[in-house]
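Student: Letter by letter, the chains look like this.
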Amino acid sequence: DQQVKQNSPSLSVQEGRISILNCDYTNSMFDYFLWYKKYPAEGPTFLISISSIKDKNEDGRFTVFLNKSAKHLSLHIVPSQPGDSAVYFCAASRAGGGADGLTFGKGTHLIIQP
Amino acid sequence: EAGVTQFPSHSVIEKGQTVTLRCDPISGHDNLYWYRRVMGKEIKFLLHFVKESKQDESGMPNNRFLAERTGGTYSTLKVQPAELEDSGVYFCASSRVNTGELFFGEGSRLTVL
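Protein sequences appear in the order of chains A and B.
Under my numbering, the first residue of the first sequence carries the number -18, and numbering increases by one thereafter.
Under my numbering, the first residue of the second sequence carries the number 59, and numbering increases by one thereafter.
Be aware that one or more of the hints could be misleading.
[Unchecked claim] Calculated cross-link-like contacts (lysine-lysine; reagent style DSS-like; alpha-carbon spacing at most 30 Å): (1) K112(B) / K102(B); (2) K35(A) / K87(A); (3) K73(B) / K87(A); (4) K(-14)(A) / K102(B); (5) K99(B) / K(-14)(A); (6) K99(B) / K49(A); (7) K73(B) / K37(A); (8) K102(B) / K35(A); (9) K52(A) / K73(B); (10) K136(B) / K37(A); (11) K37(A) / K99(B); (12) K102(B) / K87(A); (13) K49(A) / K73(B); (14) K73(B) / K136(B); (15) K37(A) / K49(A); (16) K112(B) / K37(A); (17) K49(A) / K102(B); (18) K87(A) / K112(B); (19) K52(A) / K102(B); (20) K102(B) / K136(B).
The set of hints was computed from the structure by calculation and includes no laboratory data.
Modelling step: build the complete structure from the supplied sequences, incorporating the hints.
Tutor: This is the structure in structure tokens:
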């Protein structure tokens, strides 16, 4: 039973436009959410996070939005650049990281078209 | 500062054989994690060390998997005997504090034939 779901396996966006990656979760105990970015043959790299006490966190071109009532979060990248082409994983945890590790989604492959 | 390093990068073994994966975390990182990604699926948590102690091993699939972190530095993950379903990429990650913001290695790809 997947507790973190990324329903879009892939997403194609034109360079310069906004990329929106979505993530849904089922476990109401999750209180900390992260996005990781992964290039081929590399490990995931931490991108941005958000605590459940917030509904938005921004870092440069990257913004994460959290809708707790809907158990939904999204990552916005604007403007999208070619180097943003990668697989993006949504992850969640309890108690700010907790002893039970991160729960990841399956990932969304973002392709930025020139 | 060196990142998390994993060895080997790729291992091909036959069913029933043994494989040992190694992870060297970032120096000074007490928290060390093992994760696994089976083809096209989510990255799944296996276990978490704090220094040399196993903080949580709830994600370990079965007793064919044995993880150690003697001395609280590098860690090994042994699979014995390997089965076909063990194929995947095994990621190691480390962090100074347990916040979820992890530094991952490049992964060790295991192929069991």
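Student: Each hint needs a verdict: does it hold in this structure or not?
Tutor: Here's how the hints hold up against the structure:
no., hint, verdict
1, K112(B) / K102(B), "17 Å, holds"
2, K35(A) / K87(A), "24 Å, holds"
3, K73(B) / K87(A), "27 Å, holds"
4, K(-14)(A) / K102(B), "13 Å, holds"
5, K99(B) / K(-14)(A), "11 Å, holds"
6, K99(B) / K49(A), "25 Å, holds"
7, K73(B) / K37(A), "48 Å, violated"
8, K102(B) / K35(A), "26 Å, holds"
9, K52(A) / K73(B), "41 Å, violated"
10, K136(B) / K37(A), "41 Å, violated"
11, K37(A) / K99(B), "28 Å, holds"
12, K102(B) / K87(A), "10 Å, holds"
13, K49(A) / K73(B), "45 Å, violated"
14, K73(B) / K136(B), "14 Å, holds"
15, K37(A) / K49(A), "11 Å, holds"
16, K112(B) / K37(A), "34 Å, violated"
17, K49(A) / K102(B), "23 Å, holds"
18, K87(A) / K112(B), "26 Å, holds"
19, K52(A) / K102(B), "20 Å, holds"
20, K102(B) / K136(B), "17 Å, holds"
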